[in-house]
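Enquirer: Sequence:
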Amino acid sequence: MLNIHNGDSAADTAKKSDIPGEHLAWREALVCGPTPGDLSQDEFRQARAQHLADAYGANLQKTVQELRAQEETLAGFSDHEEVVLWFEPDCLVRCN
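For the sequence shown, the residue numbers in numbering that gives the first Met the number 0 are 0 to 95.
Hints may contain errors.
[To be verified] Label pairs and their calculated CB-CB ranges:
1) Met0 - Ala52: 25 to 35 angstroms
2) Ile18 - Leu73: 32 to 42 angstroms
3) Leu59 - Asp17: 36 to 46 angstroms
4) Asp53 - Met0: 29 to 39 angstroms
5) Lys15 - Asp37: 34 to 44 angstroms
6) Ala46 - Lys15: 18 to 28 angstroms
7) Asp11 - Phe76: 16 to 26 angstroms
8) Ser16 - Asp41: 34 to 44 angstroms
9) Ile18 - Ala68: 15 to 25 angstroms
10) Gly36 - Lys14: 30 to 40 angstroms
Keep in mind that the hints were calculated from the coordinates and are not lab data.
Quick reminder that beta carbons are idealized off the backbone N, C-alpha and C, glycines included.
Make the full structure from the sequences, and use the hints.
Expert: Take a look at the structure:
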């Protein structure tokens, strides 16, 4: 089972519980910042990492690596019998 959680806090709590499977902390809030549709996957990742670095003071190279690792885990979803999404309705909140 692959459990995809809305951020580190939720994933860390789930890891400490008896919820079985792999736990992925999804950190990429695509509702905030640019999401251009005309880029390759690598270019899109770089654009998103640049936004996160600029907006939140994150290290650019570390952010690129984290986004790549997140994408790779998600791409392997079919290796699991079940995928569970653990997200709240806060995705509807507007970000500046």
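Enquirer: Lying within 30 to 40 angstroms: is that true of the beta-carbon distance Gly36 to Lys14?
Expert: With a Cβ separation near 34 angstroms, Gly36 and Lys14 satisfy 30 to 40 angstroms, so the hint holds.
Enquirer: If I claimed the Cβ atoms of Lys15 and Asp37 lie 34 to 44 angstroms apart, would that claim hold in this structure?
Expert: holds, 42 angstroms
Enquirer: Are Asp53 and Met0 spaced within 29 to 39 angstroms by their CB atoms?
Expert: holds, 36 angstroms
Enquirer: Does 15 to 25 angstroms hold as the CB distance between Ile18 and Ala68, or does it fail?
Expert: At 21 angstroms between Cβs, range holds.
Enquirer: That 32 to 42 angstroms hint for Ile18 and Leu73 (C-beta), does it hold up?
Expert: violated, 18 angstroms
Enquirer: Holds or violated: the 16 to 26 angstroms window for the beta-carbon distance between Asp11 and Phe76?
Expert: holds, 21 angstroms
Enquirer: For Leu59 and Asp17, compare the CB-CB distance with the range 36 to 46 angstroms and indicate the outcome.
Expert: holds, 38 angstroms
Enquirer: Can the suggested window of 25 to 35 angstroms be confirmed for the beta-carbon pair Met0 and Ala52?
Expert: For Ala52 against Met0, whose Cβ atoms are near 33 angstroms apart, the range 25 to 35 angstroms holds.
Enquirer: So the hint says 18 to 28 angstroms: do the beta-carbon atoms of Ala46 and Lys15 match that?
Expert: Since Ala46 and Lys15 have Cβ atoms about 35 angstroms apart, the given range 18 to 28 angstroms is violated.
Enquirer: Does the Cβ distance between Ser16 and Asp41 fall inside 34 to 44 angstroms?
Expert: About 36 angstroms separates the Cβ atoms of Ser16 and Asp41, which means 34 to 44 angstroms holds.
Comparing the model with each numbered hint stated earlier shows that hints 2, 6 do not hold.
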